[in-house]
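S.K.: Take these sequences, add in the hints, and give me the full structure.
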Amino acid sequence: MKRYLLLFITLLTSMTTMAQEKKDTVIITLQNGLEVRYTSDLFDRVQIIYNLKYGVKVYLKDGKSKDYLASKVVVAEYNGSGQDVTDNNRNRNLYRAKLLEYPHLAEDETMNQLIIKSTPDYGITFSLEWSYADIANRWTCYQMHAGNMAKNVTRTNSFKEDPEIPAQYRSKESDYSESGFTRGHLCPSADRLCSREQNTQTFYLSNMQPQYDKHNNGLWNNLEQKIRPWAEKCDTLYVVKAATIRSDQVYSFKCNNRLPVPKYFYMALLAYNKSTDDYEAIGLWTEHNKNDYSKNYGDYAISIDELEERTGIDFFCNLPDDIEDKVEKNKNLKYWNLTTTK
Numbered sequence: 001m002k003r004y005l006l007l008f009i010t011l012l013t014s015m016t017t018m019a020q021e022k023k024d025t026v027i028i029t030l031q032n033g034l035e036v037r038y039t040s041d042l043f044d045r046v047q048i049i050y051n052l053k054y055g056v057k058v059y060l061k062d063g064k065s066k067d068y069l070a071s072k073v074v075v076a077e078y079n080g081s082g083q084d085v086t087d088n089n090r091n092r093n094l095y096r097a098k099l100l101e102y103p104h105l106a107e108d109e110t111m112n113q114l115i116i117k118s119t120p121d122y123g124i125t126f127s128l129e130w131s132y133a134d135i136a137n138r139w140t141c142y143q144m145h146a147g148n149m150a151k152n153v154t155r156t157n158s159f160k161e162d163p164e165i166p167a168q169y170r171s172k173e174s175d176y177s178e179s180g181f182t183r184g185h186l187c188p189s190a191d192r193l194c195s196r197e198q199n200t201q202t203f204y205l206s207n208m209q210p211q212y213d214k215h216n217n218g219l220w221n222n223l224e225q226k227i228r229p230w231a232e233k234c235d236t237l238y239v240v241k242a243a244t245i246r247s248d249q250v251y252s253f254k255c256n257n258r259l260p261v262p263k264y265f266y267m268a269l270l271a272y273n274k275s276t277d278d279y280e281a282i283g284l285w286t287e288h289n290k291n292d293y294s295k296n297y298g299d300y301a302i303s304i305d306e307l308e309e310r311t312g313i314d315f316f317c318n319l320p321d322d323i324e325d326k327v328e329k330n331k332n333l334k335y336w337n338l339t340t341t342k
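Here the numbering used here is used: the first residue of the sequence shown is 1, the next is one more, and so on.
Keep in mind that the hints are not guaranteed to be accurate.
[As the list claims (entries may be wrong)] Think about it this way: if two alpha-carbon atoms lie no more than 30 Å apart in a straight line, the pair counts; the simulated DSSO-like pairs of lysine-lysine are:
hint: 1; residue 1: K342; residue 2: K290
hint: 2; residue 1: K263; residue 2: K160
hint: 3; residue 1: K151; residue 2: K66
hint: 4; residue 1: K160; residue 2: K226
hint: 5; residue 1: K61; residue 2: K274
hint: 6; residue 1: K274; residue 2: K331
hint: 7; residue 1: K263; residue 2: K295
hint: 8; residue 1: K334; residue 2: K233
hint: 9; residue 1: K151; residue 2: K61
hint: 10; residue 1: K342; residue 2: K233
hint: 11; residue 1: K172; residue 2: K233
hint: 12; residue 1: K342; residue 2: K331
hint: 13; residue 1: K233; residue 2: K326
hint: 14; residue 1: K326; residue 2: K226
hint: 15; residue 1: K61; residue 2: K233
Just so you know, these hints were derived from the structure itself, not from any lab. Just so it is clear, the structure is predicted and the values come from calculations on it, not from any experiment.
M.R.: Below, the structure is given as structure tokens:
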């Protein structure tokens, strides 16, 4: 018989002395019996993801944050003004993918697989949606914040097949061998140096797309390097990276006659700023070729609305609709410190 965790929130509303002592207190009991307690002198804000069914995020006063996954939590108690990010949301995911970085899942669940890579110490490494029909990654998404941006290890370089995908639908080392294409990371190794296990997970081939080396180690790499300072200036950066796999957005040839070769690579970014309690979002769209590229990276910037129109994917669908509508139509180059030649 499967065991199901009972995860619930207890709202403390009593005006008794005990309730007063617990004002603005978070108490999290983990599966291993450890009790984690935060009082108002330690944290600024608590974000409750889907009524705690998918975890708790605590923003600490030292500028860091702590994530507690539902799979590790037995009971969470909080009395205070937490935010349930799924309120007033018509288009949110109805499946497991309810964190803010997740795009809307494809409707055909039989031919698309959601995969979540995680570790006990650092939580989710990244998540991805895999298309069986295309033998391709539909997107990879992840978070960047002070809690997982530490540089504790070096690159592992251990490329390998993803055993979670059925063998006939997964990408393989032979798909890239002598193909003329590199194994292009979506969640890059350099964004997951907090632990050996997390870095190793970035080398699953499910987190790759075939890339020309000049694009992978040129424009794409440079954009990835710009993202890291952006993540450091906000409290959490929600990242989606992907390449086009629709039939009209891939080249006529395939990588070793098996994997689609995208015509475009792109990023969708959502920054949360705790001090102002607001969000900024932007898309970055690049042509996948061997050509030289502009170093005015604002030339690649588009709004999330435009990115959704180009890809047919609904990004940041788990935001409340009023916030989603506002941030997805904006392209604030000043916030992202981008310049353009236009």
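S.K.: Looking back at the hints listed earlier, which ones does the structure fail to meet?
M.R.: 11
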